[in-house]
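Here are the chains, one letter per residue:
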Amino acid sequence: MATGEFLGFLNLSWEAVAMLVISGVLMWLGIAKKVEPVLLVPIGFGCMLANIPLGGAAEAGGFLAVLREAGIKTELFPLLIFIGIGAMIDFEPFLQRPYTIFLGAAAQFGIFATFILAYFLGDGWLQVLDFSLKDAAAIGIIGSADGPTSIYVATTLQSKYTAAIVVAAYSYMALVPIIQPPIIKAMCSKKERALKMPSVAGTISQRTKILFPIITVLVVGLLAPKATPLIGCLMFGNLLRACGVVERLSLAAQNELANIVTILLGITVGGMMAGTEFLRPESIFVFMLGIVAFSLDTVAGVLLGKLMSVLSGRKINPMIGACGISAFPMSSRVVQKLGLEANPYNHLLMHAAGANVAGQIASVVAGGVMLMLVPMFI
Amino acid sequence: MLNALWIVLLGMAIIFAVLGILLLVMILLGKLLKPREKQEKKG
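Heads up: the protein sequence lines correspond to chains A and B, in order. Just so you know, the first sequence maps onto residues 1 to 378 in the working numbering. Just so you know, the second sequence maps onto residues 1 to 43 in the working numbering.
This is chain B alone, in the form it adopts within the complex (with noise of 0.2 Å):
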């Protein structure tokens, strides 16, 4: 049973982790590329 506590307890975290660590990612992303696209709509 302790096993499966483990499995939940972790399980959860890592999905929030992941997920956490994905919306990073994008949020860096979009960083990235907006003074690209405005650039781009100003030329």
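Next comes chain A alone, as it looks inside the complex (with noise of 0.2 Å):
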């Protein structure tokens, strides 16, 4: 037996010597860094080992496809995450304050906008990219700014950027509070940033609390049937949390059911990161177009916002539209943090958070909105 076929360190390609620095960079930011570790410090390990010449680990029947074809194919990790996030989430200052749910809805027309201009680079007009329909709305969706929601659709649409599409989406919801304050700065002057918002009397009743996930799982699930799973799992997770009666059953979802998945999910994204499939001129595009969609989603929710402003007689800050990003709970940070800037006494974090929680909905339901329409025009 020749000892190249056994040494891996002669197996050596340039573009798994790239994939191992690049691993190493994703474990330096996690760790040194503190840039959302939990995810970066799997990924980057799952990238290692999967561009170890003749390690195996990714190859068929390595770990780490076998993971890649139970857990993502199947679209089973996104789903289960979801519980736990569903679990996470109290949506009591989305209850409180409604009408956030709109600044939602515009917040996803990054996603929309990023699609076309990816379709156009691609199959759709000057074909210098090869992004086909599908490639560009599972590169639009990295938009969402939500992890789960990026990988569902993007491994529905079986797009082939799906690796470089999941880092995208998750190292861009880390960045969040460096993406999001110059395009909030641009778009609102500083008496806008702090105009305080009064506060919101009342709680919401338990009742209401658990009737919300059943509820919005039969709307959105019989408008939208094709973001049934994903709605029905974030929703799911949360009636857990908000029933009261099965306390051992939420705590499992919030810790170890997420917690386990998270690791197998980060490993299996890593995993898919071999050199020979990341390492295109297409990957960098998509990380590209990546933060044009954050970026797009930002502006188009600051614009709502400042219209619901006008409209309610200065009652809300424009600002809160820039959290119907998703992205929960970084941007409802940021604009917290903006507002403290502009006025000391300016304290918008739980109006924030209605917009945010509300935009993790609408995240949702522009996944199951894309999965519906792209097939029918195909």
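What the hints contain is simulated information worked out from the structure, not anything from laboratory work. Backbone N, C-alpha and C define an ideal beta-carbon position, used for all residues, glycine too. Errors might be hidden in some of the hints.
Said to hold, decoys possible - Below, in silico cross-link-like pairs of lysine-lysine (DSS-like), each with a Cα-Cα straight-line distance of 27 Å or less: (1) A/209 x B/34; (2) A/226 x B/34; (3) A/191 x A/33; (4) B/31 x A/209; (5) B/34 x A/315.
As the list claims (entries may be wrong) - Derived DEER-like restraints, expressed as beta-carbon distance ranges: (6) B/10 x A/73: 25 to 35 Å; (7) B/1 x A/312: 36 to 46 Å; (8) A/6 x B/10: 53 to 63 Å; (9) A/218 x B/6: 25 to 35 Å; (10) B/10 x A/56: 42 to 52 Å; (11) B/3 x A/56: 13 to 23 Å; (12) A/228 x B/3: 17 to 27 Å; (13) B/25 x A/244: 17 to 27 Å; (14) A/32 x B/6: 42 to 52 Å; (15) B/6 x A/314: 17 to 27 Å.
Both chains are sitting in their own frames, so use the hints and assemble them into the complex.
Listed below in structure tokens is the structure:
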């Protein structure tokens, strides 16, 4: 047997070396810089495993390939993660301010604008990139600012760029505190940022909190059925939390389930980053289009926030529109910080959180709508 | 390209419609629940 057949370093290609460096950067970002460590550490490690020559971890029969078949191709991991996310989210700030649902809807514009831009660069017009209609839709969904939705839609549409899309979605979610402030500051004057919002009187009853997830699944499921698995798992998790009689299950969903699936999902996504598949010019464009999606989401959310501010007689701070992007809770914190910078007595956190969780629902609906419409137009 | 434009237009319209209906249902539900809750508190 030749040494080249069992010594990994003799089989190192430039793609494998580049990906090993990228895996190191991802782990460094997670560990040293604390950027989304829960995701970047497993993703970075999975990426390293997938790019060790002759290791076979990500090849047919390898454990990363088995996890990919079992958890990503079947769409199981993102759905299980959603049960955990649903159990973690308190929808009370949204239920106190239900009008914020429209901010969530507006902030999905980036998905569709990026979709059309990707399709324009790909098969739709210029044909300079290998982006089919399905790929363009999967790239646009980075703008949902929601990892599980991005994975679910990209996998269901069988995009060639699923790994790049997932890494871009999670990376930009971590970068929300860097992406959003300059856009918000450019669009809102200091006077607008300093605008205080009246506090909401009263609390939401237990009965409403219990009925909310059930009604949301029925309404969204019956109108946009393709969103049913996503909204169903999100709201199932929330029902466990809200009903108050299965605290053990709610805690298990928030902790054990979410943590275990995050480990498996992270390492599997990393395992999808094999150099030969990942290092293509299109992957770089996926990343560039991802930031376009996040930026346009923010612009559209703030624009509707401005309109609602005028219509409400300046009772709504337009900045909270930026939270419709989803990316919970990072964008709420961004708006709270900008509000306090403009006026030290301006606490917008709960108002922003309302728009933020509304964005979570809207992004799931947007994912379902994309899955419904794209096959109709192929 | 026309297909993509249709997806954009229909997509945004459906999102606003679905979420608008959800908002409407939640408002109606709130109105239905409030009198019962007030009665329960009095009781």
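Each hint tested on the structure:
no.: 1; hint: A/209 x B/34; in the structure: 13 Å, holds
no.: 2; hint: A/226 x B/34; in the structure: 33 Å, violated
no.: 3; hint: A/191 x A/33; in the structure: 34 Å, violated
no.: 4; hint: B/31 x A/209; in the structure: 14 Å, holds
no.: 5; hint: B/34 x A/315; in the structure: 25 Å, holds
no.: 6; hint: B/10 x A/73: 25 to 35 Å; in the structure: 28 Å, holds
no.: 7; hint: B/1 x A/312: 36 to 46 Å; in the structure: 38 Å, holds
no.: 8; hint: A/6 x B/10: 53 to 63 Å; in the structure: 56 Å, holds
no.: 9; hint: A/218 x B/6: 25 to 35 Å; in the structure: 28 Å, holds
no.: 10; hint: B/10 x A/56: 42 to 52 Å; in the structure: 45 Å, holds
no.: 11; hint: B/3 x A/56: 13 to 23 Å; in the structure: 41 Å, violated
no.: 12; hint: A/228 x B/3: 17 to 27 Å; in the structure: 25 Å, holds
no.: 13; hint: B/25 x A/244: 17 to 27 Å; in the structure: 23 Å, holds
no.: 14; hint: A/32 x B/6: 42 to 52 Å; in the structure: 47 Å, holds
no.: 15; hint: B/6 x A/314: 17 to 27 Å; in the structure: 37 Å, violated
The earlier numbered hints that this structure contradicts are 2, 3, 11, 15.
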